[in-house]
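**Student:** Sequence:
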Amino acid sequence: MKPTEQKKFDKALFQADVKKHLSATYAKTEETADAHAWYLAMGKALAEHTTLDLLQTENDDRIKNAKSVNYLSLEFLIGRLTGNNLISMGLYEQITEAMAELGQNLTDLLEEERDPSLGNGGLGRLAACFMDSCAAQEFPTVGYGLHYEYGLFKQSFENGHQKEAPDAWRGVEGYPWEVARPEFAQEIGFYGHVEAVYENGVEKRKWVPGMFVKGMPWDLPIVGYESNTVYPLRLWECQAIAPFSLESFNNGDYFEAQHALIDSGNITKVLYPNDNHEKGKTLRLMQQYFHSAASVRDILRRHDEAGHKLADIPKYETIQLNDTHPTIAIPELMRILIDERDLSWEEAWEICSHTFAYTNHTLLPEALETWSESLIQRLLPRHMEIIYEINHRFLKEVRSRWPGDVEKQRKLSIIEDGFHRMVRMANLCVVGSYAVNGVAALHSELVKRDLFPEFNELYPTRLQNVTNGVTPRRWLKFCNPGLSALITDKIGDQWPAHLEQLSDIAQYADNKAFQKQYMAVKKANKQRLADWVQENMGIELNTDAIFDVQIKRLHEYKRQHLNLLHILSMYHRLKNDPTFDMAPRVVFFAAKAAPGYHLAKEIIYTINKVAEKINNDPSIADKLKVVFIPDYRVSMAEIIIPAADVSEQISTAGKEASGTGNMKMALNGALTIGTMDGANVEIREEVGDENIYIFGLEVDGVEKLKASGYNPFDYYNADHLLKSSMDLLLGDEFTPGEPGRLRAVYDSLLDGGDPYLCLADFASYVEAHEAMDKQYRDQEGWAHKAILNTALVGKFSSDRSIRDYVNNIWKLEAVHR
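Per our numbering, residue 12 is the first one in the sequence shown, and the count goes up by one each step.
Source of the hints: derived by calculation from the structure; they are not laboratory data.
When the alpha-carbon atoms are kept at most 27 Å apart in a straight line, the in silico DSS-like pairs for lysine-lysine are as follows:
1. 320 x 75
2. 225 x 280
3. 534 x 796
4. 78 x 822
5. 19 x 30
6. 501 x 527
7. 634 x 785
8. 796 x 527
9. 419 x 717
10. 217 x 320
11. 215 x 407
12. 292 x 612
13. 292 x 174
14. 422 x 715
15. 225 x 75
16. 806 x 822
Quick list of simulated restraints, FRET-style, between CB atoms:
17. 725 x 696: 31 to 39 Å
18. 403 x 262: 48 to 56 Å
19. 312 x 280: 25 to 33 Å
20. 774 x 408: 46 to 54 Å
21. 718 x 377: 17 to 25 Å
22. 763 x 277: 31 to 39 Å
23. 280 x 725: 46 to 54 Å
24. 711 x 59: 53 to 61 Å
25. 320 x 20: 40 to 48 Å
26. 521 x 827: 35 to 43 Å
The beta carbon of each residue, even a glycine, is placed where N, CA and C say it ideally should be.
Please model the complete structure; the sequences and the hints are all you need to start from.
**Tutor:** And the structure:
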C-alpha cells in the first residue's frame, strides 16, 4: 500500500488523543507535563492505531489460511519503536507538525524513549531486522521472545572500568507501545516426574510437573512499511499462578506468602543471567524452556482455532529457531503430539521434522550450547526421555549409513559421552530440522566443511546459506535523513522497499556537485556525533578528522585489542618519530563486555586509560583522539553509524559468522577495513577490491599458522613498531604511579598465546590503515569510494534475506492487506 492509500490522518483527532492520554493515563496537565509525559502520551495515542491494525491483521482469514513463519529468538534488540514506526506509518512529517502545534519538538520527544534492550548484540538485532522485513513484505509472521523485566545492563565507566547497572527499560509507567494479551496466557510446568499410564492396554508416558507458572504474553507491534499490516512480536512474561498465600501472610510468614511470586518472577527477570554457576544454569534453561513451551502452545492454539488438522502443521507453520537457544521446542512439540494429542512416534516425528528450521550463528566451539543430561533430567524429565529416543532412532540411521564406524556415531550423537554426559543442542537442531542455514556464504561453507561435515554427508540438501541483511528503513531512511533525502532526490522514493535501486547512485560517484553534497551530509552527521560526545563526555573533536569506528560486542575474536595496538603504534610514532605524518583521526569504540568475561573487561579498561592520556596530551593535540562511548545501544548506533568514515571489521578470519554492523556502515558511506571473514567477503564482491581495505590472514592461512605452532613472540621480537607499541602497556605511561596495571592485555597476547592472532595480522593491519590515511587526504577520491559503497550494497537488505528464507526454506506467500 502506498502512503497515498493509507488511512487519512486526522491531526485534530490525534492531538485530542494525546491530550486525553496526558490527563487520563498519565495524570498530567499541559502545564505540568514534562517532555517524558508528552512522549508517553504521544506513544499511547499512536499505539492505539497500531493495536487496531494488529488485531485486524491477526483476524484476517487470508492470514489464518496462509502459511506463517514463527520466529523463535531469546533476543530481540528492537531499538526505540516510535521514530521507526512513524517512518513505516508514513506519518513522520504530520506528527512533527501536530506535536509542534502542541508546543513540543518531536526530535526531543523521541529522545525520551529508552531502548528496549532485549538482546545482547548482533543476533538480537538481526531478529529485529527480520521482523521488520517480514512485515514490510507482508509475509505472515509471529515473533516470539521473552518479556525481560531488565534488559541488557546499563553500562557506565568508573575510573575506566565497566560498571553494570540494571536496565529497567519499561520505566515506571510501562512502555507505551506494548499491549497485554491475557486471553492467550499459557500454563507451563517444570520439575516433577514421569508416570506410566495404561490406556486400552497400551502404555503411555505422562509428565506430572512439580511446579507451574503462567506465561503472560505482551505484544509489540511490528509495523509494515507503508501498509496496514502489523505483526506481533509476542513476548512472554513469567508470572506466578497463585502469587500470594493469604494464609501464610495471616500467620506472619511474609516471605513464604510471596514465595511462588519470587520464584516465578526470576524466570523473566533479566536477559541472560550469568550461567557460570549451577543456579544460573538452571535459570537459563528454565528461560529457554519457558519461552519455547509458551510459544509452541500458542502456535498450536492458532493452528487449532483456524480449523486446521494436526497433520497439516508443516503446511501452515514453520518454526525458525534463531540459534540453539529455543532448541527444547523440538522435544516439547514431540511431547505434546504424543502425550497430549495421542499421535504415534512416527506421526509426531513426521510433523516435527518438517516444521522446524535452524539458523546457526557461530563456529566457536565454546558458543555451541550443551546442557548437562542431569540438569535436563531434573528440570524436564519427560523431555530427556524424548531426546534419548530421538538420539536412539537417529544413531540407527547413522549405523546403517556407516556400519561399524564408532567415531561417526560418537561425533554425531546428540548425547556427548564423558564424565558428565551432555546434550548437544546444535546436533539436536540439525537432526530435528528440515533446513539448517549459516548466515554468510563463507560461514555456511565452514559450517559444512568444519562444523557439521558428517551431517552434510548424511543430509546433503539440509545445510544451506542465507546471507544476513539489515533493514534500510531504520539503518538509512530513519537514522540518516540527510543522505536519504539526497538519494531520493536522485532516484525517487521507492528505494527503502527496494534497496537494489541504490545502484542507480553509482553513476554520480564522479559527479563533483554530488560528491560535495554527499560529503556535506557526512560532515553534518560527524558534527551531530561530535556534539553528543562534547555534551556527554566533555571531549572536543575535530570533524575534519577520520572518524574510525569499531562498534560491536567486546570479544577477543572481534579483536578490539588489535585496534588498540594500532592506536598505540600511532601514539608511539607521534611521540618518537618527527617525520611521521598522519591525517587527524578519532577512533571510536562502543561495546559491552559480558559481566563474567574478565579479559574483555580488561580490554575496555586499557582502552579507556590509553584514551585518557592521549586525549589530554597537548603534544598530540588534534592528531589523535580515542573515544569509548558508554552504554552502546541501538539508539546510539543510529548516531554513530551515519558519522563513520572507516568501518572496523577486523575479526580473525573464520570466526565471525556474518556481522551486520559492516553492512550498516557501508550503506551509510563508510569504507571497510576488514579481514576476509563473515559477510566482509561478500561486501568486497559487491563494492570491488578498490573500495574496501582487506588485510590479514585468510581462513586457510589462519589454519596453517595454527597447525605449524604459532608463536606470538616471533612477531613481537621481529617487528620494532609492534614491540614498542606493546611495551607501552608495561610501565605507567597510561596509569601514572601504577606500573603494570595494563599487563592483562599484554600478557594475553604473549604468554596467553594470542589465540586470535592479533600479532600475526598487525603489520598488514597497519599497512591497510596507511593506505586509507593516504586516500583520505584526497577527498574527491574518498567521496568516490564512499558513494560507491552506498550504491553497491543493496544486496545486504534484510528484505533480500527474508526473500531467500521465503523461497528456499519457509515457502511462504505474501498476504497484502
